[in-house]
Amino acid sequence: MENLLAARSQMALSLGFHIIFSCIGMAMPFFMAVSHYKWIKSGDIQYKNLTKAWSKGVAIFFVTGAVSGTMLSFELGLLWPAFMKHAGPIFGMPFSLEGTAFFIEAIALGFYLYGWNKFSAWFHWFTGLMVGITGLASGILVVAANAWMNSPSGFDFANGQYLNVDPIKAMLNDAWFSQALHMTIAAFVSTGFAVAGIHALMILRGRNSLFHWKAFKIAASFGSVFAILQPISGDISAKDVAVRQPAKLAAMEAHFKTEKRASLIIGGIPNVKEKKIDYAIKIPGALSYLAHGNFNAEVKGLDSIPEVEHPPVAITHFAFQVMVGCGMVLMIAGILFHIALFKKKNWLQASWFFKLFVVLTPLGYIALEAGWMVTEIGRQPWIIYGVMRTAEAVTPMPGIQYSFYLYSAVYVSLSIMVTFLLYRQIRSIPLKYDKDENSSFKINLM
Amino acid sequence: MLYIDILFLGLSILLYLLLGGADFGAGIIELFSSEVTKNKTRQLTYRAIGPIWEANHMWLIITIVILFVGFPVVYSTLSVHLHIPLLVMLFGIIARGTAFVFRHYDAVKDDMQKVYNLIFVYSSFITPFFLGIIAGSLIGGKINLQATTFQDAFIAPWFNLFSISVGLFTVCICGFLAAVYLIGEAQNQEDIKIFIRKAKRMNILTVLAGALVFVIAEVDGIPLYRGLLTNKISLLAIIAASISLFFLWDYLLKNKAKNIVRILSGFQITMILFAVGYEYFPAFIMLSDGNYITLIEDTAPQSTLSALAWALIIGSVFILPALFYLYYSFQHKEHEY
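In order, the protein sequences belong to chains P and S. Going from the first sequence to my numbering is simple: count from 1 and add 242. Going from the second sequence to my numbering is simple: count from 1 and add 3.
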């Protein structure tokens, strides 16, 4: 394996792993805080149990997210020292603020996990909410740093020198808002549906139905509302990318030729050699509209960009299709959930309804990973868009493939461990929290 | 503003060594304990470190962020030439953090606990060992920016007797700090005695390991010893640390005053770090050609240094009171998990 490829694979693996855990870390504390709020307000012991059960999940995911994040802060240098040497001082501002947010998150989590019956109820609840707020802030700041790589600003680049550095301007680059918005919503969608899916499965199994129903309702509500909002932020992002990174948009859409009234391409297999796409559904003018808000606008194709600066078209296109596809399915599920809540209450007794949510469990995370592939692979061959190529940034240390194999082994074993632990957590719920109290409650599935 | 950044850098390194160190040390003590005291240590570690361990490890993140934002040359030089020990240290951090939380939060307590324990104790040893190796390599003067072979560029800088001796010294420091910390957390006289005994042993080992570092530095021609003797302020710090050692032993032998013992041991470690840091300052990485990378010249642009300093100041306004309250709240109080 070539060094550059090994370094990129290791980075992709580390980010791909970290993203899942950090999204759970961003969204889950809010679910927990809602449940906790209901416990304080209603005194219903099951909300307390649910809060505790979820808080253990938060702890497991927090530590996994924290260690994988620590690894990333080192890997930036271990794999891309030349990038960090120049970029660190420019885009480091959000990282230094993120350090603060993350530190407060760690402190708040210490208070929350170990603070049952030690502090006043509302202070304790507040520390739990703080875990969520600071987690969200961390996520937004880190995405702002990534956005800088897509939309470098806050410096002048002349003769290989990075001059007039303005770290605040770099942090508030053109892409930060649309990327952070899209990512934050994605965190709630993916985690909401994943958590809802797990509880839906438990409801189908017919054990501790009330406990799981309460959990399901909170998680599915979060997931649904955000899934319905997500297309709006997707649209903002697309318009943003069209202006800033036409090569990325062209690769996402496998849009080879610059044209007016460009078609939106759905599905299909990009044929890079012949510069066309086979077997795709085309909606004339729709891409022009989505990118520039006008059916007749010109959309830059890959032909307007030198070939050496083309991102890998096929992967970017497929990843984009997967993301949008999953997002659409989740949006429809979100609408169904709202219909069920307000109009068709009998769906909430139907087994197909819960089965649907079980099937949807991984979809949000698939969309999330695909979305990051679009962002990162679509930026290639640049590490700093238009300024520094990824190949120039890679470490001179040879043999990175061994480090990649090691990291892969660590991530695989961590994933297995976390899955194993969650399985045991869920299995222990009847023993720990929900003995006979509510055995009278059953959702009579049809 | 540069000096504010340097101050925070020094502070976060020190706090990581003291707080994170005590944390690692708990695992080291567990590793070298008999079966009976192993259990005691383990339980005490849960109680004493559970709420605060994640916060303790934030100091490492802060250190790294300060380095890569404010001192990118230092960060990228370390990343290239100390890639391998950094990698090992990272794996140690991951293994240890996850094993600690997994053994604590696993819903079922069965034989998996043995696996978690094993991972926890060995990674508790390996992580500070390699952290020390990295620290030793900073002043060892074996980093060669022009190196052409794999051996010279990526192995020699850290795989040498001096760096390894600093690694061992760091492990001993962590074990010592943990023993002293746990004395204060112990709940009955019998446990207090156990940890006092451990603290004594770890202190003797620490002093011996420290002496070994000096001996090897002399043999290797690293001007550590003479530098410390000729620099008056560093010398003063070393003398202060040595004097406080007598008080420490006085308290340890009389089995009393646990908070004073904590303060004294923290003081000693602070003085050692300060003495070495002050002697070398502003140099941060000693190179094989006699040059060095400094914290004064090899920095980020002024605008970044000011922004970083403000971020650190504002951050500490939020962090320090909350952190203080966290440590305060969980001292000697029972808590429900």
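Bear in mind the hints are in silico, worked out from the structure with no lab data behind them. Be a bit skeptical, because a hint or two may be false.
Heads up, incomplete: computed chain P residues facing chain S, CB under 7 Å, no partners named [stated by the list, open to error]: (1) LYS294; (2) MET326; (3) THR342; (4) ILE346; (5) ALA348; (6) ALA400; (7) ILE523; (8) PRO526; (9) GLY527; (10) TYR531.
Capping the alpha-carbon separation at 25 Å, the derived lysine to aspartate or glutamate pairs in DMTMM-like fashion look like this [stated by the list, open to error]: (11) LYS41(S) - GLU221(S); (12) LYS674(P) - ASP114(S); (13) LYS360(P) - GLU188(S); (14) LYS360(P) - ASP292(S); (15) LYS411(P) - GLU193(S); (16) LYS259(S) - ASP301(S); (17) LYS360(P) - ASP286(P); (18) LYS117(S) - GLU38(S); (19) LYS542(P) - GLU516(P); (20) LYS290(P) - ASP114(S); (21) LYS459(P) - GLU501(P); (22) LYS459(P) - ASP477(P); (23) LYS585(P) - GLU551(P); (24) LYS294(P) - ASP113(S); (25) LYS283(P) - GLU244(P); (26) LYS502(P) - ASP545(P); (27) LYS43(S) - ASP113(S); (28) LYS294(P) - ASP109(S); (29) LYS280(P) - GLU244(P); (30) LYS257(S) - GLU188(S); (31) LYS41(S) - ASP113(S); (32) LYS259(S) - ASP194(S); (33) LYS515(P) - ASP477(P); (34) LYS517(P) - GLU501(P); (35) LYS456(P) - GLU501(P); (36) LYS674(P) - ASP113(S); (37) LYS674(P) - ASP109(S); (38) LYS117(S) - GLU221(S); (39) LYS456(P) - ASP194(S); (40) LYS43(S) - ASP223(S).
Ideal Cβ placement from N, Cα and C applies to all residues, glycine included.
Structure-based check of all given hints:
For LYS294(P), the shortest C-beta to C-beta distance to chain S is roughly 9 Å, which exceeds 7 Å, and the interface hint is violated. A hinted interface residue such as MET326(P) counts as satisfied when its beta carbon comes closer than 7 Å to some beta carbon of chain S; here the least separation is about 6 Å, so the hint holds. Contact between THR342(P) and chain S, as hinted, is supported at the beta carbon level, the nearest pair being about 3 Å apart and thus within 7 Å. Residue-level restraint check for ILE346(P) holds (minimum Cβ-Cβ distance to chain S is 6 Å; threshold 7 Å).
With a cut of 7 Å, the hint placing ALA348(P) at the interface with chain S holds, because the nearest CB-to-CB distance is about 4 Å. With a cut of 7 Å, the hint placing ALA400(P) at the interface with chain S is violated, because the nearest CB-to-CB distance is about 14 Å. Hint status for ILE523(P): violated, given a least beta-carbon distance of 45 Å to chain S, over 7 Å. Checking PRO526(P) against chain S: minimum C-beta separation of about 48 Å lies over 7 Å; hint violated.
About 45 Å separates the beta-carbon of GLY527(P) from the nearest beta-carbon of chain S, more than 7 Å, and the hint is not met. Taken as an interface hint, TYR531(P) does not check out: its beta carbon lies about 40 Å from the nearest beta carbon of chain S, beyond 7 Å. About 38 Å separates the Cα atoms of LYS41(S) and GLU221(S), which puts this hinted pair outside 25 Å; it is violated. Between the alpha carbons of LYS674(P) and ASP114(S) the distance comes to roughly 20 Å, so the proposed pair stays at or under 25 Å and holds.
Annotation: proposed proximity of LYS360(P) to GLU188(S) holds, straight-line Cα distance about 18 Å (limit 25 Å). Taken as a hint, the LYS360(P) and ASP292(S) pair is broken in the structure, with Cα atoms around 58 Å apart against an allowance of 25 Å. A distance of roughly 60 Å separates the Cα atoms of LYS411(P) and GLU193(S); the hinted pair therefore is violated under the 25 Å criterion. Between LYS259(S) and ASP301(S) the CA atoms are separated by roughly 48 Å; this puts the pair beyond 25 Å, and the hint is violated.
As the CA atoms of LYS360(P) and ASP286(P) are separated by approximately 20 Å, the hinted pair is consistent with the 25 Å bound. At roughly 13 Å between alpha-carbon atoms, LYS117(S) and GLU38(S) fall within 25 Å of each other, so this suggested pair holds. Taking the CA atoms of LYS542(P) and GLU516(P), the gap is near 18 Å; set against the 25 Å cutoff, the hint holds. For the hint linking LYS290(P) to ASP114(S), the alpha-carbon distance of about 30 Å lies beyond 25 Å, and the restraint is violated.
For a cut-off of 25 Å, the pair hint linking LYS459(P) to GLU501(P) is broken: about 47 Å separates their Cα positions. The suggested pairing of LYS459(P) with ASP477(P) is violated, with an alpha-carbon distance near 28 Å, which exceeds 25 Å. Between the alpha carbons of LYS585(P) and GLU551(P) the distance comes to roughly 52 Å, so the proposed pair goes past 25 Å and is violated. Between LYS294(P) and ASP113(S) the CA atoms are separated by roughly 21 Å; this keeps the pair inside 25 Å, and the hint holds.
Of the supplied pair hints, the one linking LYS283(P) and GLU244(P) is violated, its CA atoms being roughly 59 Å apart against a limit of 25 Å. A C-alpha spacing of about 14 Å is found between LYS502(P) and ASP545(P), which places the hinted pair at or below 25 Å, so the restraint holds. For the hint pairing LYS43(S) with ASP113(S), the CA-to-CA distance comes to about 18 Å; that is within 25 Å, so the pair holds. Restraint check for LYS294(P) and ASP109(S): satisfied, since their Cα atoms lie roughly 14 Å apart, inside the 25 Å limit.
With a C-alpha separation of about 55 Å, the suggested pairing of LYS280(P) with GLU244(P) is violated against the 25 Å cut-off. Restraint check for LYS257(S) and GLU188(S): the C-alpha separation of about 18 Å stays at or below 25 Å, so the hint holds. Our distance criterion of 25 Å between C-alpha atoms is met by LYS41(S) and ASP113(S), whose separation comes to about 17 Å. For the given pair, LYS259(S) sits about 13 Å from ASP194(S) by alpha-carbon distance, which is consistent with the 25 Å threshold.
Between the alpha carbons of LYS515(P) and ASP477(P) the distance comes to roughly 30 Å, so the proposed pair goes past 25 Å and is violated. Taking the CA atoms of LYS517(P) and GLU501(P), the gap is about 14 Å. The hint holds against a cut of 25 Å. Our distance criterion of 25 Å between C-alpha atoms is broken by LYS456(P) and GLU501(P), whose separation comes to about 52 Å. At roughly 16 Å between alpha-carbon atoms, LYS674(P) and ASP113(S) fall within 25 Å of each other, so this suggested pair holds.
Of the supplied pair hints, the one linking LYS674(P) and ASP109(S) holds, its CA atoms being roughly 13 Å apart against a limit of 25 Å. Proposed proximity of LYS117(S) and GLU221(S) is contradicted: the alpha carbons are some 43 Å apart, above 25 Å. Taken as a hint, the LYS456(P) and ASP194(S) pair is broken in the structure, with Cα atoms around 45 Å apart against an allowance of 25 Å. Of the supplied pair hints, the one linking LYS43(S) and ASP223(S) is violated, its CA atoms being roughly 42 Å apart against a limit of 25 Å.
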